[in-house]
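Residue numbers (full-length UniProt numbering), protein chains in the order written: chain L, 1 to 615; chain R, 1 to 615.
Just to be clear, a hint being listed does not mean it is correct.
[Stated by the list, open to error] With a straight-line Cα cutoff of 25 Å, these simulated DMTMM-like cross-link-like pairs (lysine to aspartate or glutamate) come out:
1) R:K605 / L:E9
2) R:K164 / L:D172
3) R:K452 / L:D543
4) R:K535 / L:D458
5) L:K535 / R:D567
6) L:K83 / R:E257
7) R:K447 / L:E531
8) L:K83 / R:E258
9) L:K164 / R:D567
[Said to hold, decoys possible] In silico contact screen, one side only, chain R against chain L (beta carbon under 10 Å); selected entries:
10) T20
11) Q144
12) N147
13) K164
14) Q250
15) E263
16) L347
17) N464
18) Q524
19) L542
20) V553
21) F601
Think of the hints as simulated: they come from the structure by calculation, not from any bench.
This structure is a prediction, so every number in the text was calculated from the model and none was measured.
We put the beta carbon where it would ideally sit given N, CA and C, even for glycine.
2 protein chains.
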Amino acid sequence: MEYSLLPVEEMVARPLSVQTLIACLGMYDWSLAVKFLLHMLTFGSAIYSSGSERHLKYLPKIFNMDIFGCFAVTELSHGSNAKAIRTTAHYDPTTEEFIIHSPDFEAAKFWVGNMGKTATHAVVFAQLYTPGGQCHGLHSFVVQIRNPKTLLPMPGVMVGDIGKKLGLNGVDNGFAMFHKVRIPRQDLLNRTGDVTPEGTYVTPFKDDRQRFGASLGTLSFGRVAIVGMSIVNLKLALSIALRFSATRCQFGPSDGEEVPVLEYQTQQWRLLPYLAAVYALDHFSKSLYLDLAELQQGLMGTDQGARQAELGREIHALASAGKPLASWTAQRGIQECREACGGHGCLAVNRLGDLRNDNDPNCTFEGDNNILLQQTSSYLLSLLACHVQGGARFESPLRTVDFLQAYPDILGQRFTCPSVDSCLDSSVPLAAYEWLVCYLLRESYQKLNQEKRSGSNDFEARNNSQVYYCHPLALAFLELTVVRRFHEYTHQPRVPPPLRAVLGRLSALYALWSLSQHTALLYQGGYFCGEQAGKMIQNAILDLCSQLKDDAVALVDVIAPPDFVLDSPIGRADGELYKNLWTAVLLESRVLERPSWWSEFSVHKPRIGSLKSKL
Amino acid sequence: MEYSLLPVEEMVARPLSVQTLIACLGMYDWSLAVKFLLHMLTFGSAIYSSGSERHLKYLPKIFNMDIFGCFAVTELSHGSNAKAIRTTAHYDPTTEEFIIHSPDFEAAKFWVGNMGKTATHAVVFAQLYTPGGQCHGLHSFVVQIRNPKTLLPMPGVMVGDIGKKLGLNGVDNGFAMFHKVRIPRQDLLNRTGDVTPEGTYVTPFKDDRQRFGASLGTLSFGRVAIVGMSIVNLKLALSIALRFSATRCQFGPSDGEEVPVLEYQTQQWRLLPYLAAVYALDHFSKSLYLDLAELQQGLMGTDQGARQAELGREIHALASAGKPLASWTAQRGIQECREACGGHGCLAVNRLGDLRNDNDPNCTFEGDNNILLQQTSSYLLSLLACHVQGGARFESPLRTVDFLQAYPDILGQRFTCPSVDSCLDSSVPLAAYEWLVCYLLRESYQKLNQEKRSGSNDFEARNNSQVYYCHPLALAFLELTVVRRFHEYTHQPRVPPPLRAVLGRLSALYALWSLSQHTALLYQGGYFCGEQAGKMIQNAILDLCSQLKDDAVALVDVIAPPDFVLDSPIGRADGELYKNLWTAVLLESRVLERPSWWSEFSVHKPRIGSLKSKL
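Next comes chain L alone, as it looks inside the complex (with noise of 0.2 Å):
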């Protein structure tokens, strides 16, 4: 607050300043970084792009924090299926005013970041119902639940925070019960829906499914945004694992000799695969955000065209399989870091622990994972489904789909790299990946149409089409992008001749690794053929990790952020990882001291089976 570090100005003006603060406040401290990015963000562009200008008002008290705010979807027993959210809002046209209501502990709002013991406003999403009792479905309020003066809590309102979890305990997330709480009509945000102060109902959409989707449009931010935060986590475990890989020793050739653990085969195939994932989905990331500026800037001003919708659609797709890949890929990652540490990995001081824990939660909240990859392969049946239908064009405005007009030829092809040495380029795996993901999209419709064709409903269709089809294809068609991006950006004539290399590497092992998970697959589908096929792509991932070894510590020096904010002893940046180790574990607090309790464990000590007859 006192340093201002980004005007609002200027975040608007440079979209990539707000994921770049996010990114050097959550490196020093996530919890610090998620509590702006709830107020001002996640809160403040509720209020902004779901509201209309009667809520202009409250802009400039979020930017000077005179209101604290949080976005309060979730309820106890109501997160993922949020239409089915049960807090109701109905209007009184006598009073103008809305009633928020919570009709039993179970609708309570639950997991609330920020209202547990900051937030003194609310933007709470209701059952909207008009006298005469009828529901208009799902709409935002804005409901002020403290004192912004006291911090107690308003009438009506019962709030409170939930509890320690497992990270992010900086973080204040928090549950509220609403009895018959009175806020001015006004305070709907009426963007996508309003009420007459009469009490009549008003919306431009044509119906509630389609308001609703609009209504929810805010979400894509927090996806695109947790993104980039699952890439920080990645690459501060990385920074820690690496130099630390490089300067242990243990074991050697003969007795006394001891090699850096860097120089494992082993150790290198666990770490130097995500090193490369770091930097092919920090591209990504970045440029996933950029692309939601785009839209975002079209939603603001008068382009609301079919472009912009398919923008919209497109950009869906890709932040709710972003998400789940880029999450999925830290926590496995931080784990594999903390393992390649070894005991020291599990010590406090050295943050890896910290790093997993405060990571965990990207993997669910705005949409848990496994749920969120439903969007994204439903989008791509969808566009088959036109196809195959109505004969349309596979086109997007981020041409992410457009390969998908040749499926029938991509089909029909199959793995022919003559030697482990033409595999050493990303374009392998990524004729691959069009392949892959050509067959998933075939057989997750197929599948699909099987399902009804016995019999399903729609719900069991889909609930029965996810395991081995349409979960798979929705992380496969995003590590395609994400390798096709970073494949671009690595290849460009622009990039100095001494970068190619090394970052060329880097997208050709992203590519492998990502790629030689689904080996299965492209054997069971016919891409693949014989024993060589296979092992053609490990010996090339094999290679590439050796190749891009000694360049490790280089590549993390340039992500990793300065000691005082990486924060951990054996993750210096001067190796010094003993003596840093020892001077941190000497500094901490009655470290040779005895415990307070210490005469109950010697003097005092209970008498072996003095309770025995008891049992």
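With chain L fixed as given, assemble chain R onto it according to the hints.
Just chain R now, with coordinates in the frame of chain L:
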């Protein structure tokens, strides 16, 4: 201590009772169980099995907890490479004492459980030097580190706590530096080597390598124990996640109607294979524990023959891959359980975070998983080398390797299952696993020889044959052993018919799911051919999940401890998910109160931008 839950006599008479006690303590609190285990079993057994008659005096003190012990091998700069540890023990014949010394802080004992605050005595591993300066390698010594009456350190010993870890924080892991600490000659644990009063080194072993192997034999117990500990963690996590999944409803075929999330194929596929894994691995864990008890009884008796040595090697191989398989399965399973419970899985009170954190060290302590796997693959490769070079038969006391005798035939077999139905028994994956182990064994053997032919020394050849070769070989061999033992157990005639069906499904599901992680290799090596093979396995897995889902809660009730011990509101047996969770949240202290710093956030808050000019 007061209940004296397991007197020593019972421990000796019924070996499984030790595993049961550790499991029960651990279900309640792992730190308690680990402190007990480290003192009674690791420290106690080390003295009993590495010492001789002159050390028997310590045993009653250990059982009565007059002294409290720890086991100090690892140093700040050496863990896995235990041979290279640098603490010294010089013998001084003038006083008949050993002088224990840490040459520098990198040689400080580090990570030692119980050492941080509580241990009074340590079994310290050090390089033994006799007068004249000859080093006889690693030996263990009983060293008093604290006064049992005051818990203050002994002269010359700098001992302290290494600080907070990511889990198991009830265990006081510590460090110690020794400054020329003198101990009586008799406190050398002399089973594998001794020093005469005059200073002459004597040992029954021919070479140092053989003696070193025997001195580290006590580590096997720890690894077998960790198999059981990991399984307990997975039991707890699954009890929570499956009960949650059976009561949490979300989405449904129509508006207003919601179904339990366990009804979704995706949720079944995420959790039920881990339920099957818990049953299969639990049986393996108990059977391996009994094998170890047989080995230890033999060691204490007169049976020091060839079978005993072979049994030791086989158990070492099983424990060295069993610990990685069990700890990694638990680690991944707990993470899946956490994510399968969505946001509520992140709430600390529900315990999934603690389970993950407390399980994590299992991947590292008592031997890093990746390094331990090399022990198992080396065992198999040495058998193959004896077979190829000398015609030795493949046979072992527990018969885990006997099938390899038929490896040329097995390698010629192909997957020939005619239908999904015929895959629903574990005999199908059992046959596939036999092929897989033979294939990986041949491939690893060839890879090692190829590395050597191309000029690598043994050290390099071994390091470059782990990824894609020896590493999956060790895991596949252990999975086969687990599958085989559980298959035989569930197919016994004495299994009651009503149980046979459900146990058979668990056996088949674990086997197929585990095998499916190797599908790429099954295709690559030609065991699988064509699209149907892979799909048949997938369909069989999904069929079994669907068949097991209605039994899931009952299967969990079998393995779950009482609610008081499980200690997870969303995992209580009554299934009152939301009532339990809401109650638990409201019971936390200060849940509805303002934070102590409320005025800093509301009244006396910092002024936006007040420090901007200083940037």
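Each hint, compared with the structure:
no. : hint            : in the structure
1   : R:K605 / L:E9   : 23 Å, holds
2   : R:K164 / L:D172 : 23 Å, holds
3   : R:K452 / L:D543 : 18 Å, holds
4   : R:K535 / L:D458 : 23 Å, holds
5   : L:K535 / R:D567 : 48 Å, violated
6   : L:K83 / R:E257  : 12 Å, holds
7   : R:K447 / L:E531 : 15 Å, holds
8   : L:K83 / R:E258  : 12 Å, holds
9   : L:K164 / R:D567 : 15 Å, holds
10  : T20             : 15 Å, violated
11  : Q144            : 13 Å, violated
12  : N147            : 8 Å, holds
13  : K164            : 4 Å, holds
14  : Q250            : 5 Å, holds
15  : E263            : 8 Å, holds
16  : L347            : 6 Å, holds
17  : N464            : 5 Å, holds
18  : Q524            : 4 Å, holds
19  : L542            : 6 Å, holds
20  : V553            : 19 Å, violated
21  : F601            : 6 Å, holds
Comparing the model with each numbered hint stated earlier shows that hints 5, 10, 11 and 20 do not hold.
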